[in-house]
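Asker: Spelled out from the first residue to the last, the chains are:
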Amino acid sequence: MAKPMEQITRQELETGAVVVEVGNSVQYETGSWRSERPVVDKEKCIKCMFCWLYCPEGCIRQAEEGHFEADLTYCKGCGICAEECPVKCITMVIEEK
Amino acid sequence: MAKTRKGVEVSIAIAEAVRQADVDVVAAYPITPQTHIVEHLSELVADGELDAEFVPVDSEHSAMSVCCGSAAVGARTFTSTSAQGLALMSEIYFIAAAMRLPMVMALANRSLSSPLSIWNDHSDIMMVRDAGWICIFVENGQETYDNILCAFRMAENPEVMLPVAVNLDGFILTHMIEPILYEDDDLVRSYLPWKPMKNALHPDRPVSMGCFGMPEIYTEAQMNREMGVRNSYPHILDAWEEWGRLTGRHYRPVETYRCEDAEYCIVTMGSYGETAMEVVDMLREEGEKVGVIKIRLWRPFPLEEFRKAALGRKCLIVMDRAITFGGNQGGPVATELRSALYGMDGAPSIVNYVAGLAGRDVSRKDFRNIILEGKAKAAKGEVDGFTLYGLRG
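Protein sequence lines, in the order shown, are assigned to chains A and B.
FYI, the numbering for the first sequence is 902 to 998, going by the working numbering.
FYI, the numbering for the second sequence is 4 to 396, going by the working numbering.
Possibly wrong hints are sitting among the right ones.
[To be verified] Sample of chain B residues at the chain A side, in silico, Cβ under 7 Å:
{"#": "1", "residue": "V191"}
{"#": "2", "residue": "L195"}
{"#": "3", "residue": "K198"}
{"#": "4", "residue": "D207"}
{"#": "5", "residue": "P209"}
{"#": "6", "residue": "V210"}
{"#": "7", "residue": "C214"}
{"#": "8", "residue": "E223"}
{"#": "9", "residue": "M226"}
{"#": "10", "residue": "Q332"}
Simulated from the structure, these hints should not be mistaken for lab results.
Values in this document were obtained by computation on a predicted structure and should not be read as measured data.
Note that CB positions come from ideal geometry on N, CA and C, so glycine has one too.
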């Protein structure tokens, strides 16, 4: 998505709406969908990577301190990581402004 | 194979055409009256006469899915089905057109259930009328053989990139034994050169096909789909023209027979055309000024060619092999043609007959009745709706 989707003309689409620019989903910041965000208790995290494995968005990374946490630019707040965490170190906290 | 004339079942001639086209993948599920086509293809592959992947799938839904995958890598792809098989395919059938995946289907037209029927009418293709496939109708075995080959050239043209359905009336054509003029293998090869497909799936050049389309982009994608079918028209003509140049057998989107001074015409699509021509010959001898207009290309609809053939006549008697239930207008062909002529100067009135449902025979005598009765109805202004010919009660 070199430009916002609502500005793309039909002539700019490839035949059959094939997307030739691979990996462009990183330009789609799905974090704005979120109503709850995962908050990790770094002390309790055993670095088992279950959250990394289960995250449907693929947005969980290892932080420098060694624990795992979600990239909030993309995290949709689905809560699967919190559900799957075997030591329950992830809490879903309501987003409030 | 060198150029030969051979008496064969039309289904076998289709399979031989597919062999000559040297397809890479055939994926199909057996269903009457299409079965002999893919049955013979499986034999050709097993006997080593056709170097292709024959994928014996578990359903028509899978058959069309395999065809999409195969076409997406740029492989030459063929399938065949009928009625319920097409219904089961329909989800992926639409996707094949939307994703602009070239492939050829021999559609042995058969009635949709229920009542369960294995015989011929056009309810199957009309169910998927608006999918965006190129749709051709043929009248006899030779036309079927020729158009299967032409269809590959149309589909794979880089300016077209669309699936093509060659419609042939189930049993009436599929099971007919007819003398077929097979062209030379080399001629077919030169008519159908392999061309690399733009944006074909390949590990070195990754692309994404069939992506999610938000409301912001879906409209643009749909207009491209419409323009894709519309813009295929000149290339369809080119494919037929080149075939005509090579073989002497010419095809047009709309064909006319004895129409020069015809005051009224019978309009047919598919195998009806053959009988209609014979009956028109008989009526001409009796002094009736009647001709036949045959719709060969159903999608993209040849609007200008049809208008040229129709305008100035007194009336058209339009034959349908399907009902648009509850439409209150007539069969799908008649409603299309009425719409094409609406409000135009010199537009003929249209009288519509639906006949031949589930393979019920429509003989020369029936055509004669239909033409003469239709002409009388037009003269009396009885031109609304449709008549279900031969209906008891």
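Asker: Now, for every hint given, state plainly whether the structure supports it.
Answerer: Structure-based check of each hint:
1. With a cut of 7 Å, the hint placing V191 of chain B at the interface with chain A is violated, because the nearest CB-to-CB distance is about 27 Å.
2. Hint on L195 of chain B is violated. Least Cβ distance to chain A is approximately 21 Å, over the 7 Å limit.
3. Proximity of K198 of chain B to chain A is violated relative to the hint, the smallest CB-CB distance being about 14 Å (cut-off 7 Å).
4. Interface restraint check for D207 of chain B: the shortest CB-CB distance to chain A comes to about 12 Å, outside 7 Å, so the restraint is violated.
5. Among the interface hints, the one on P209 of chain B holds; its C-beta lies about 5 Å from the nearest C-beta in chain A, closer than the 7 Å criterion.
6. Taking 7 Å as the C-beta cut-off, the interface hint given for V210 of chain B holds, the closest approach to chain A being about 5 Å.
7. A hinted interface residue such as C214 of chain B counts as satisfied when its beta carbon comes closer than 7 Å to some beta carbon of chain A; here the least separation is about 5 Å, so the hint holds.
8. Residue-level restraint check for E223 of chain B holds (minimum Cβ-Cβ distance to chain A is 4 Å; threshold 7 Å).
9. The criterion of a C-beta within 7 Å of any C-beta in chain A is met by M226 of chain B, whose closest approach is roughly 5 Å, and the hint holds.
10. At about 32 Å, the closest approach between the beta carbon of Q332 of chain B and any beta carbon in chain A exceeds 7 Å, and the interface hint on this residue is violated.
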